[in-house]
Amino acid sequence: MKRIPIGWLFILPTIVFLLILTIFPLVWSLGLAFCSWKLAKGGIESHPEFIGLENFIEALNADRRYWSAMGYTWLYTAVAVTVEFLVGLGLAILLSFKDFRGRKFFRVVYLMPMACPPLGVAFMWRLLFHEDVGILNRILTAMGLGRIRWMTDPWTARFALIMVDVWQWTPFMFLALLAALQSLPVEPYEAALIDGASRWQILRYITLPMLKPVITTILLLRTIDCLRLFDYVYGITRGGPGLSTESASYYIYLVGLSYFDFGYGSALSYILLIMMLALSMVLILRLRRGL
Amino acid sequence: MTKKENNQDISNESILKKKISRRTALSTAGKIAVGVVVAGVVAGVGGYYAGSAAAPAKTTTVEKTVTKTVEKTVTETVTVGTPTGKRFEGVKLTVVSTDWLLCPLKKAHKKEWEELTGGSIELVAVPYGALYEKVMTDFVTKTGAYDVIIYPGGWIGDFAGGGWLENLEPYMEKYGYPLKADILPGCRKVAEWGGKLHSLPYDGDCHLLYYRKDVMTNPEYQEDFKKKYGYDMPIPPKTWDQVRDVAEFFNGWDWDGDGEKEYGIAFIAKRGTQAQWTLLDLIAQYNVIHGPITNYTGNMFFDLETMEPLIGEPGAVEALKMMVELSKYAPPGLLGYGYSEFREAYVKGGVAVIGIDWGDVGIMEWMDPASVVKGKLGYAKLPGASKVWDRKNKKWIEKYNQNNFADFGGWCIGISVLSKNKEAAYDLIKYLTSPEPSLRDASGILGCWGCNPYRFSHFDVDEWVKSGFGRKSAEEYLGVIREILSDPYCISDLKIPGRVEYYDKLDAHLAECLAGTVSPEDAMAAAKEDWEKITDSLGREKQLKLYRASLGIA
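Just so you know, the protein sequences line up as chains L and P, in that order.
If you're matching positions, the first sequence starts at 0 in numbering that gives the first Met the number 0 and goes up one per residue.
If you're matching positions, the second sequence starts at 0 in numbering that gives the first Met the number 0 and goes up one per residue.
Bear in mind the hints are in silico, worked out from the structure with no lab data behind them.
Treat each hint with caution, since some may be false.
Claimed, not checked - No farther apart than 30 Å at their CA atoms in a straight line, the calculated lysine-lysine pairs in the DSSO-like style are these:
1. P:Lys-110 with P:Lys-141
2. L:Lys-40 with P:Lys-141
3. P:Lys-320 with P:Lys-421
4. P:Lys-532 with L:Lys-40
5. P:Lys-109 with P:Lys-212
6. P:Lys-465 with P:Lys-133
7. P:Lys-386 with P:Lys-225
8. L:Lys-40 with P:Lys-386
9. P:Lys-226 with P:Lys-105
10. P:Lys-225 with P:Lys-373
11. L:Lys-40 with P:Lys-195
12. P:Lys-394 with P:Lys-173
13. P:Lys-544 with L:Lys-40
14. P:Lys-141 with P:Lys-419
15. P:Lys-110 with P:Lys-225
16. P:Lys-133 with L:Lys-40
17. P:Lys-110 with L:Lys-40
18. L:Lys-40 with P:Lys-421
19. P:Lys-226 with P:Lys-141
20. P:Lys-226 with P:Lys-110
21. P:Lys-105 with P:Lys-394
22. P:Lys-375 with P:Lys-394
23. P:Lys-226 with P:Lys-133
24. P:Lys-226 with P:Lys-91
25. P:Lys-237 with P:Lys-373
26. L:Lys-211 with L:Lys-97
27. L:Lys-40 with P:Lys-527
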């Protein structure tokens, strides 16, 4: 009699769980992307109708708003991830010096924003940014610097959202990089110092290459996370002023869960997903080859 | 008889003796005067149980006479029973809406209904921006998480049109409904789909023009205004041009002497927070010729023959131009003003002379402890325009044109077809919309706002004075709302399937224009193009049929 490997039985619940919660929605939504299914059309009687590539053609050719949202999403991601990485790396290096005073205190303080729920953070910043009663403008006015049109100027609003992301997620970069820095072996540094390497040379040729696996991982995670930008847009600007801060995810949310156009919403999601996968692959390959 | 039953009897006896409302004469554009006289009952719990087939055997029969001047006299027999049984013991209802619409339930009605019936209520508060999504998701997934839904009446095309809401007429026949004739006709129309009530009205909505009468009546300011503009300060402004002049005059200086700079006008302008209704207020004046509903008069949204959107017409562009101009005389943070921010700033901060909002500002003026404008506000219907676009003849008509517009359409309360406790749900919504509890909601006596008058009995000034309003303010405030909602030519809000998408697209282009990234012409052209696409995607013929039906045209 053939024996069933006992190991399979142990992992069976995980496989079933994964199939139901991850694979099924992916396959189902992929199917929907090729269908027309708009609730306002048929209400309780509505059902998906196969329409082939129409949704993708519409999205790629005619949806100006989607590509405008996509443009902002990429800009947001590029700026936010770069700033977070550079600031996080700087802080990590600073706090990795053993003679830095108050390092434990700063380590805790820097972690606090990351512990807040993003939507809560969004509502907090919405109040801070308020142009007439917000504390930021009150402080600026008290200092004689005048008001900033945080939420009413398209470019200021775009960068205000990036600022919120940097505030909340730089600690993530910092924490991961600090942990990595503290686990690096000391021998290469000792050898470099004996050879007369400068601080910059040590950072460029020893520290960063050794941090490469961690950097790859955190940049990838943050990039994917930023490309899904939703909470801050929903909580702070609702895509305004105008359409200036509308992100791809927020637009997809409107199409799918406000207009209840499931087919088209699915197609838009898959376009974003494909772009994210492509970017991830490029990022991984580039970082593997060298910084 | 238990002490509780005894108390209930006493309570009902007092209710029977009490005349809850003096229906004041109602004028409908000078044509029909309606005097509603109630001889007998109805109030509170008694009113709620009026006509209830489920009421127990111990009843009192009272005769109620409703006199409708000119037209007819209706006599209705109303049975007021004493509730003795806990009819819904063990039944749990889930009610979903925004937190401010659930506020009266939290503060009073939940407990009242639970005590009366033995049932229990769970309240699910959802932010306004997520309400449609939550409810529709529940429908689509057929979860049936919500029994009772308090929702904006304009969504009835999606909700009832989609088959997700119960037709309430059989319930009304079986279990009765207190004083149906007391509901304002315009509000009743909002809750109807296919000629049947699929919800009960829970709110009467229209925009008002608010103005700081204490500031505008200042003789010094009036003199300066006349010098600058060559005519007397208009109190209240009758046209949008006058609104612009007043807003410009009061913009950017400290007119209330508090040491801070104030502004001319404020309104809801933030993307995704109902800003499009302010634009529609103006479109109603510049793009809709006043009159009965025909293709070219009294019709605001689509051509009645082709379903072509009317928001691309020159009148709509002119309206947006005026809105952009008004925004120059508003606080610098105007584009960040959602309904909450606007109301806070206007009522608690006193930032502008003129404000545009639903009835909520009037309630907050008196009921919000932080209000700095108590007794200082004047109320007026929407200003008109000095010219109106004649779509038929493709030319401007230089004449005064003013339309009332029932913005938003008011909140309605309906029962999900997926509810497992529909009878209990009907009992609850009947209770909530019956005269006495609803008067407490409308007058803000419970400290909640969001629900404005929708019954004739809500216009009883004495009740509002009791709740804390100043008498003069209550008279003016209620007078304006009654005038608007009784206007036979008052434009109804859009209520066909896809409204959320139509309005979101309009809102997006409006926001682009207010942010200065596109011109009014381009914004309205783009909005029109989007509306065409939505109509096509939903089926032009079907949408046309539903649009015509929503206006009462065969």
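The hints, checked one at a time:
Between the alpha carbons of Lys-110 of chain P and Lys-141 of chain P the distance comes to roughly 29 Å, so the proposed pair stays at or under 30 Å and holds. A threshold of 30 Å between alpha carbons decides the hint, and for Lys-40 of chain L with Lys-141 of chain P the separation of about 17 Å falls inside it, so the pair holds. Proposed proximity of Lys-320 of chain P and Lys-421 of chain P is contradicted: the alpha carbons are some 49 Å apart, above 30 Å. Under the criterion of a C-alpha separation no larger than 30 Å, the hint pairing Lys-532 of chain P with Lys-40 of chain L is consistent with the structure, at around 13 Å.
Taking the CA atoms of Lys-109 of chain P and Lys-212 of chain P, the gap is about 39 Å. The hint is violated against a cut of 30 Å. About 38 Å separates the Cα atoms of Lys-465 of chain P and Lys-133 of chain P, which puts this hinted pair outside 30 Å; it is violated. Between Lys-386 of chain P and Lys-225 of chain P, the direct Cα distance comes to roughly 23 Å. Compliance with the 30 Å bound is thereby established for this hinted pair. Between Lys-40 of chain L and Lys-386 of chain P, the direct Cα distance comes to roughly 38 Å. Violation of the 30 Å bound is thereby established for this hinted pair.
Of the supplied pair hints, the one linking Lys-226 of chain P and Lys-105 of chain P is violated, its CA atoms being roughly 53 Å apart against a limit of 30 Å. A C-alpha spacing of about 27 Å is found between Lys-225 of chain P and Lys-373 of chain P, which places the hinted pair at or below 30 Å, so the restraint holds. A C-alpha spacing of about 20 Å is found between Lys-40 of chain L and Lys-195 of chain P, which places the hinted pair at or below 30 Å, so the restraint holds. Taking the CA atoms of Lys-394 of chain P and Lys-173 of chain P, the gap is about 54 Å. The hint is violated against a cut of 30 Å.
For the given pair, Lys-544 of chain P sits about 13 Å from Lys-40 of chain L by alpha-carbon distance, which is consistent with the 30 Å threshold. Simply put, Lys-141 of chain P and Lys-419 of chain P have alpha-carbon atoms about 12 Å apart, close enough for the 30 Å limit, and the pair holds. For a cut-off of 30 Å, the pair hint linking Lys-110 of chain P to Lys-225 of chain P is broken: about 56 Å separates their Cα positions. The suggested pairing of Lys-133 of chain P with Lys-40 of chain L holds, with an alpha-carbon distance near 19 Å, which does not exceed 30 Å.
Taking the CA atoms of Lys-110 of chain P and Lys-40 of chain L, the gap is about 40 Å. The hint is violated against a cut of 30 Å. Only pairs whose Cα atoms come within 30 Å are accepted, and Lys-40 of chain L paired with Lys-421 of chain P is accepted, the gap being roughly 26 Å. A distance of roughly 65 Å separates the Cα atoms of Lys-226 of chain P and Lys-141 of chain P; the hinted pair therefore is violated under the 30 Å criterion. Between Lys-226 of chain P and Lys-110 of chain P the CA atoms are separated by roughly 59 Å; this puts the pair beyond 30 Å, and the hint is violated.
Taken as a hint, the Lys-105 of chain P and Lys-394 of chain P pair is broken in the structure, with Cα atoms around 53 Å apart against an allowance of 30 Å. Taking the CA atoms of Lys-375 of chain P and Lys-394 of chain P, the gap is near 41 Å; set against the 30 Å cutoff, the hint is violated. Pair hint Lys-226 of chain P plus Lys-133 of chain P does not hold up; C-alpha atoms about 55 Å apart against a cutoff of 30 Å. Restraint check: the Cα-Cα separation between Lys-226 of chain P and Lys-91 of chain P comes to about 66 Å, which exceeds 30 Å; the hinted pair is violated.
With a C-alpha separation of about 24 Å, the suggested pairing of Lys-237 of chain P with Lys-373 of chain P holds against the 30 Å cut-off. About 23 Å separates the Cα atoms of Lys-211 of chain L and Lys-97 of chain L, which keeps this hinted pair within 30 Å; it holds. For the given pair, Lys-40 of chain L sits about 20 Å from Lys-527 of chain P by alpha-carbon distance, which is consistent with the 30 Å threshold.
In terms of the numbered hints stated before, the structure departs from hints 3, 5, 6, 8, 9, 12, 15, 17, 19, 20, 21, 22, 23, 24, listed from lowest to highest.
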